[in-house]
Amino acid sequence: MSTVNEKITEKIRSEAQRLLSSGEIAAFIGYEAGSLPMSVRPFVARKPEDASRLVWNSFCVLNLANYLPALLKSFEPPRRPGDPPPEGPLPKVGILATGCWSRNIVVQIKENQVDRDRVVIVGVPSRGMVSARKVKEAVGERDIQACTEEDHSLKISGEGFEQELNRWDVVRDNCKTCVHPDPVIYDILIGDPAGERQVQDRFAQVDEIEHKSLEERWDWFADSFSSCVRCYACRNACPLCYCPTCFVDDSRPQWVGKSTEQTDTMLFHILRAYHCAGRCTDCGSCESVCPVGIPMRLLTKKLNKDVLEMYGSEAGMSLDEPLPLTTYNPADPQGFVLTEKSEKGGDR
Amino acid sequence: MKALKLDRNAIGQWLSAMAGERDIYVPAPDGPAKGTWTLLTDYSMPEIKPGVPARPVKNFLFPQPETLLKFSTVPTDPNCCLPSEPEENGRKNVVFGVRPCDARSIGLNALACKADTYYQANMEKNAIIGLTCSQVCSTCFCSETGGSPMGTEGCDVSLTEIDGSYIARAMTERGEALLALAESSGKEVTDSDISAVEALEEKARAGSDEIRNPEEQLRAKDLMELYNAPFWQELADRCINCGACTFLCPTCYCFDIQDETLHGKGRRIRCQDSCMFPLFTLHASGHNPRGQKIQRVRNRFMHKMKYFPDRFGPISCVGCGRCVRDCPVNIDIREVMRSLLHI
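These protein sequence lines are chains A and B, in that order.
According to the numbering used here, the first sequence is numbered sequentially starting from 1.
According to the numbering used here, the second sequence is numbered sequentially starting from 1.
Isolated chain A, as found in the complex:
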């Protein structure tokens, strides 16, 4: 009996093969097997025969929408700023999309980074992706040499140990609190829709920090982000970060210091999070790729909570909804605006 993921893999391969050989798309963004247990690697299939390399499993943690704007651009003839857009139809790109990834594609379309007509979206309802970090912790940080995945369990083994884990126990926190596992936009759907999930306290991790005192919150921020190496993996794994020059890479003027001094590290993380306000889908890419395990996702999760509570909006749910932070409504809440009367350290 093949597992759910094996069945999805088969369908992904056949769809990608069909799309590539018919010439409908020039490239297909998916995943292929990696060189380590629990690893997969993003893969751009460009020939029909590449399709057999595609795989799907619980470790597809990096949001593939991240590659979409640049890959589309790579198929456009080069032009300078101010040149007219190229004439005639441009090559299309196929891409896999879970619930959150599809919402990021919606955001990219609305922000004019992606042309809907040039994308063939192959939707895959998400069963939640596994955190390799949680798995490593569950086996006592021992060296993992093999991992086999069943529908509801993972078999982990290494030198002198073998352990079976319940899959859901090691699913990422963002996936556990996800309420929209199904793609919101797609051309082809693979697998059965999971339906909207009921999650109690989906912002519990944020609430926990909000309930701390100002000093405790500062300590949490300082401690949790102290091991940052400023590698920017969180930024580069994010499908929202497509600026040609990021504020941290600007040298004239230089907005933020380059070293791992606390001030500079914190400034980077705060600004990175704020740039995602109203746009983040809590896909968890940033946290999953961090080589030192910083929980930076909680900053954007807090902003997701605020945007939902204040503007009733969740990012990328539909192509027709306006972008929350570029839309003004006289009834918008104003309580967070700092005035002379605001209490020092007040929340809103």
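Mixed in with the good hints there might be a few duds.
With a straight-line cut-off of 16 Å between C-alpha atoms, the simulated EDC-like cross-links for lysine to aspartate or glutamate are [as the list claims (entries may be wrong)]:
#1 A:Lys11 <-> A:Asp192
#2 B:Lys49 <-> A:Glu137
#3 B:Lys49 <-> A:Glu159
#4 B:Lys49 <-> A:Glu141
#5 A:Lys136 <-> B:Asp30
#6 B:Lys34 <-> A:Asp223
#7 B:Lys34 <-> A:Glu141
#8 A:Lys134 <-> B:Asp326
#9 A:Lys136 <-> B:Asp326
#10 A:Lys47 <-> B:Glu234
#11 A:Lys155 <-> A:Asp169
None of these hints come from the bench; they were simulated from the model.
Values in this document were obtained by computation on a predicted structure and should not be read as measured data.
Assemble the complex: chain A is given as a structure, and chain B must be docked to it using the hints.
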């Protein structure tokens, strides 16, 4: 050179004795600092897991950030804008439990940092106590890069665990002096201890992989053929161009220099930089010789596997496997090395 046999208790006493004159750093076991190096305050043998900690030992040789000089920006200050030496606390360090791959990186980086007085001073400041590996992890490949799980290169003292005790061998004069502090708590090594270590060394040699002396093979290859190899595009397709590999790599030593000023005081610092970032090569004119991702990905591997060996001899990789383990998109330098060797 001196050698002693130390049980866990004796190691504790030795650490305590060394702490009189040096700060001792060990890999942090857990908590938010997990994977970094932390100041030892409880003088007992620390728990050191198999494999390498997240952070390489280079952070002691290239402190993040390192203050090169200080200056005042107050116009009325007679020394305004004149450089002065930064204050030092004068303490020296012992870095304890360094794996052979990390220890070997210190010497490799020194090849490129011969004239770097700051690097040389940091080599002087930090004594290295190595710990050989009894377990080779799934991401380890030191023996393919010219190292060994039993390697001692770069260590002042090398420890090898045998049946719960440690055979400590001094490898340098500085190590000899440090190990002298363990004489009262340790035991003389016996012939059987020495032969046990030699047996492990023999086993490490026998167990190593098919790739031997990659530097010789790579030096013999045509540079342009490697440069124009077809596989770079596939690597660039998935690389997200973060700096995780470079910042965690023990042999990536590139840096940026910045002047920072605040309230009339200034400092010139250097901090690590990454060839993965476009800003790394951006010229003042606006031209960027490595403006495309594929150029940056290729450069990192070409530097390690071709430019460095062409210039200095060995490849600039010690096989610690951090980049393999922590790359967000599973770019595996072992595969890149094989691809280059097969061209």
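Evaluated hints:
no. : hint                  : result
1   : A:Lys11 <-> A:Asp192  : holds, 12 Å
2   : B:Lys49 <-> A:Glu137  : holds, 13 Å
3   : B:Lys49 <-> A:Glu159  : holds, 13 Å
4   : B:Lys49 <-> A:Glu141  : holds, 8 Å
5   : A:Lys136 <-> B:Asp30  : holds, 13 Å
6   : B:Lys34 <-> A:Asp223  : holds, 11 Å
7   : B:Lys34 <-> A:Glu141  : holds, 11 Å
8   : A:Lys134 <-> B:Asp326 : holds, 15 Å
9   : A:Lys136 <-> B:Asp326 : holds, 13 Å
10  : A:Lys47 <-> B:Glu234  : holds, 13 Å
11  : A:Lys155 <-> A:Asp169 : holds, 13 Å
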